[in-house]
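Hints are included, so try docking the two chains, each in its own frame, into the full complex.
Chains as they are written, first to last, in my numbering: chain A, 1154 to 1267; chain B, 69 to 179.
Since the hints were derived computationally from the structure, they do not count as laboratory data.
Some hints here could point you the wrong way.
[Stated by the list, open to error] Pair by pair, the computed Cβ-Cβ distance ranges are:
{"no.": "1", "chain 1": "B", "residue 1": "Gln113", "chain 2": "A", "residue 2": "Gly1211", "range": "14 to 24 Å"}
{"no.": "2", "chain 1": "A", "residue 1": "Glu1228", "chain 2": "B", "residue 2": "Leu79", "range": "29 to 39 Å"}
{"no.": "3", "chain 1": "A", "residue 1": "Lys1210", "chain 2": "B", "residue 2": "Ser96", "range": "17 to 27 Å"}
{"no.": "4", "chain 1": "A", "residue 1": "His1226", "chain 2": "B", "residue 2": "Asn95", "range": "21 to 31 Å"}
Predicted model only: the values in this text are computed from it and were never measured.
Note that CB positions come from ideal geometry on N, CA and C, so glycine has one too.
Letter by letter, the chains look like this.
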Amino acid sequence: DSGVTQTPKHLITATGQRVTLRCSPRSGDLSVYWYQQSLDQGLQFLIQYYNGEERAKGNILERFSAQQFPDLHSELNLSSLELGDSALYFCASGGVGLMNTEAFFGQGTRLTVV
Amino acid sequence: GESVGLHLPTLSVQEGDNSIINCAYSNSASDYFIWYKQESGKGPQFIIDIRSNMDKRQGQRVTVLLNKTVKHLSLQIAATQPGDSAVYFCAENTYGQNFVFGPGTRLSVLP
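Chain B extracted, bound-state conformation (with noise of 0.2 Å):
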């Protein structure tokens, strides 16, 4: 398939090592958050959602902490598989907004 963004920042784990992906996002009245999950070919796919009133958030292998101080927001994936090889992207929205969407990491897992 198709590469995403030939230009984006990649984080190379190994083969069933914890993954942190890092997101700074722009609008301090951004209430709510998405990571994506967007394979080569494929449209995104949502991973998991947090919103404005909580800091940590957790789903099946993956953890989403929202930092509003600073504006970061992070993707922690425990036990790194191949099929975690993707390119992740964090949106984040304000009621009634589209969804602006960051540059994206590419994830690589290494066997």
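Next comes chain A alone, as it looks inside the complex (with noise of 0.2 Å):
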């Protein structure tokens, strides 16, 4: 167990629909970052946010969004759905002090868009 939670672990919606994905980062980790896993692809950095604020953003598309709280978990929020953001969605915190340090990874969010 890595410490780090994320629910809810499947998720089935239709294509234009709205989702949110919850995660809980380990405790004491500052950052929380999200990445999609597609079948034909391997981890797609997503977007890092480091105590609430964001902290470097990948290719995620204009309708995905996401925040971290002031208790640090953080929620992304998947919007008008496409058949193409059937994925694994994963969430990994880290980053206590000063020093790059690993990620841990929670076991994903399954999302299927029908």
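This is the structure we're talking about:
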């Protein structure tokens, strides 16, 4: 168990809908990273938050947004869903101190858009 | 479980043999590297890390080698076991930035 909790584990929704994925980082970790993993691609970085503020942005679609709350949990919002958004979405946490440190991954949310 | 990356390069090794998984990274400014193991249907699991001021680091049955000159990283697994079968990713990081993952290698351990 990595200590990173993601909910829900599975999500099935229709095209055009909006969903929210939730991530609780490991205790004490300040950074939260979101990644998308599709069948034909590796882990694609979406966005990173550090202590409530956006730190880095990857190839995140405009239909997607995220935030990190004062208690450090994070939510990834996906809207106007398309079939191609079906993927595994992972959250990772890390970054306790000044040095870059390992990122620990949650078990992911499997999103299926039908 | 669902497979990850249907077109991944695959390394097949006999049980008990040593495995070497290679990774070329892209950013010469990267100063921190991690190897992750991902089993089907699960999240990536941290295996071992190395910082750019080192060229070798050993863990339990695993060794990571870093060659900054050619931007190459390798993971050596000693006495490979069936439980080592998984997809292995290298990840590079520059302080303050996100982790960038390589495409992954599927390790298949043959009985």
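Hint check:
1. Gln113/B with Gly1211/A: 14 to 24 Å: Holds, since Gln113/B and Gly1211/A (Cβ atoms, about 22 Å apart) stay within the stated range.
2. Glu1228/A with Leu79/B: 29 to 39 Å: 38 Å, holds
3. Lys1210/A with Ser96/B: 17 to 27 Å: Holds - the Cβ-Cβ distance for Lys1210/A and Ser96/B, about 22 Å, lies within 17 to 27 Å.
4. His1226/A with Asn95/B: 21 to 31 Å: 30 Å Cβ-Cβ, so the 21 to 31 Å window holds.
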